[in-house]
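**Q** Two chains, each in its own frame: build the complex with the hints.
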Amino acid sequence: EAGVTQFPSHSVIEKGQTVTLRCDPISGHDNLYWYRRVMGKEIKFLLHFVKESKQDESGMPNNRFLAERTGGTYSTLKVQPAELEDSGVYFCASSQGVTAYQETQYFGPGTRLLVL
Amino acid sequence: QKEVEQDPGPLSVPEGAIVSLNCTYSNSAFQYFMWYRQYSRKGPELLMYTYSSGNKEDGRFTAQVDKSSKYISLFIRDSQPSDSATYLCAMSRGFNAGNMLTFGGGTRLMVKP
Numbered sequence: 003e004a005g006v007t008q009f010p011s012h013s014v015i016e017k018g019q020t021v022t023l024r025c026d027p028i029s030g031h032d033n034l035y036w037y038r039r040v041m042g043k044e045i046k047f048l049l050h051f052v053k054e055s056k057q058d059e060s061g062m063p064n065n066r067f068l069a070e071r072t073g074g075t076y077s078t079l080k081v082q083p084a085e086l087e088d089s090g091v092y093f094c095a096s097s098q099g100v101t102a103y104q105e106t107q108y109f110g111p112g113t114r115l116l117v118l
Numbered sequence: 051q052k053e054v055e056q057d058p059g060p061l062s063v064p065e066g067a068i069v070s071l072n073c074t075y076s077n078s079a080f081q082y083f084m085w086y087r088q089y090s091r092k093g094p095e096l097l098m099y100t101y102s103s104g105n106k107e108d109g110r111f112t113a114q115v116d117k118s119s120k121y122i123s124l125f126i127r128d129s130q131p132s133d134s135a136t137y138l139c140a141m142s143r144g145f146n147a148g149n150m151l152t153f154g155g156g157t158r159l160m161v162k163p
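So the protein lines, in turn, are chains A and B.
Per the working numbering, the first sequence runs over residues 3 to 118.
Per the working numbering, the second sequence runs over residues 51 to 163.
Bound-form chain B, shown alone (with noise of 0.2 Å):
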């Protein structure tokens, strides 16, 4: 069984729609948790970081997570034909784990004009 799991997609949306990203997780050790987006032939871009549960709000962009289920979520507001990339979610033990990234497989998501 994979530490992260993640819906692959592709996810196709109009527009202007509201994008809702998931991830699950197994390791309860996992403190920091990361949503990175990357388009073709680029590396991850660190989107939205997120310590413990709660949320976190950047502009169209919110982060859940919910620690007691295992679950996070990345919401994209009014989503942009330019918004179309990959998706990573990444988590971590944190500092005294060495800060490795333990990622999804990735969301691909596609938003038509």
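Chain A extracted, bound-state conformation (with noise of 0.2 Å):
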């Protein structure tokens, strides 16, 4: 079965311009979770669907990032316009959500995401 994957790899933009990440969790996942880890700092927990629903959306740094998951399936998160600050490594998570109990988060490679 496959994991949760995360497109792209790696993204190099120049501040003001705008970068949508795409994160397909693993088939049959109703949670899915976005984190950011930037340098030097801890992962940090971004936003959190339940389906197509945004659970929890506490951890969005500001109105420049815009996320999105069609259908309750794959995700997207947009950044526009990015800043300097946006760089660092972007994690999707997913976990099944049949349980009341905390459950196994599977983590995607990352985006890595640079901006100039």
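Honestly, the hints are just simulated from the structure, not real lab data.
None of the hints are false.
As a list, the in silico BS3-like pairs of lysine-lysine whose alpha-carbon atoms are at most 25 Å apart:
{"hint": "1", "chain 1": "A", "residue 1": "Lys46", "chain 2": "B", "residue 2": "Lys52"}
{"hint": "2", "chain 1": "A", "residue 1": "Lys46", "chain 2": "B", "residue 2": "Lys92"}
{"hint": "3", "chain 1": "B", "residue 1": "Lys120", "chain 2": "A", "residue 2": "Lys46"}
{"hint": "4", "chain 1": "A", "residue 1": "Lys17", "chain 2": "A", "residue 2": "Lys46"}
{"hint": "5", "chain 1": "B", "residue 1": "Lys52", "chain 2": "B", "residue 2": "Lys120"}
{"hint": "6", "chain 1": "B", "residue 1": "Lys92", "chain 2": "B", "residue 2": "Lys162"}
{"hint": "7", "chain 1": "B", "residue 1": "Lys117", "chain 2": "A", "residue 2": "Lys46"}
{"hint": "8", "chain 1": "B", "residue 1": "Lys120", "chain 2": "A", "residue 2": "Lys43"}
{"hint": "9", "chain 1": "B", "residue 1": "Lys92", "chain 2": "A", "residue 2": "Lys80"}
{"hint": "10", "chain 1": "A", "residue 1": "Lys43", "chain 2": "B", "residue 2": "Lys92"}
{"hint": "11", "chain 1": "B", "residue 1": "Lys52", "chain 2": "A", "residue 2": "Lys43"}
What the simulated footprint calls covered on chain A by chain B, stretch by stretch (three residues with Cβ under 8 Å from a Cβ of chain B suffice, anywhere in the stretch; the number is not a length):
{"hint": "12", "region": "38-52"}
{"hint": "13", "region": "105-114"}
The beta carbon of each residue, even a glycine, is placed where N, CA and C say it ideally should be.
**A** In structure tokens:
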């Protein structure tokens, strides 16, 4: 079974441009999470989807970030316009969502974003 | 102050050594405690998962949680060069808080043959 996939693996853009990151969760997983690690810092939560609904977006840094999950399948995270401080590694994770307990979150390989 | 503190290392040990990795945390609401392993250019991979206080063993790995001290540990016995990676502790408040994970900064481990 395929794991969580993310595209692109790397992106280099200039300040002010727009970038869209994509995440394909494990098939059948209702929960989808976005996390981000900026240089020298820990991995931090951005937001959580349950199917197509945003359950928690408390970690989104500002309104330049827009996340969507069409039809409860793949998700996109758009940064518009990108700023230098947005550089980092963006991780997507998914979990099944069938229990009321902490479920294992399976992480993708991440998208490395560099804003120049 | 960070919610989860973790020594970044690097920690260098000879093959066969016992490795001890630790995290401290400040939020007493954390109920679930995890250790992830991350190889270079890869995503984090779950190693161990513990609910509340206690010990859990899986092969060469043992996870310990002491909620009274807000301190968690991961022990690796008979360490191998293939264990060389960054180890991340992660915690959550559980289902009612959406299961979002709070991570430590990671400890880089190098096991030398």
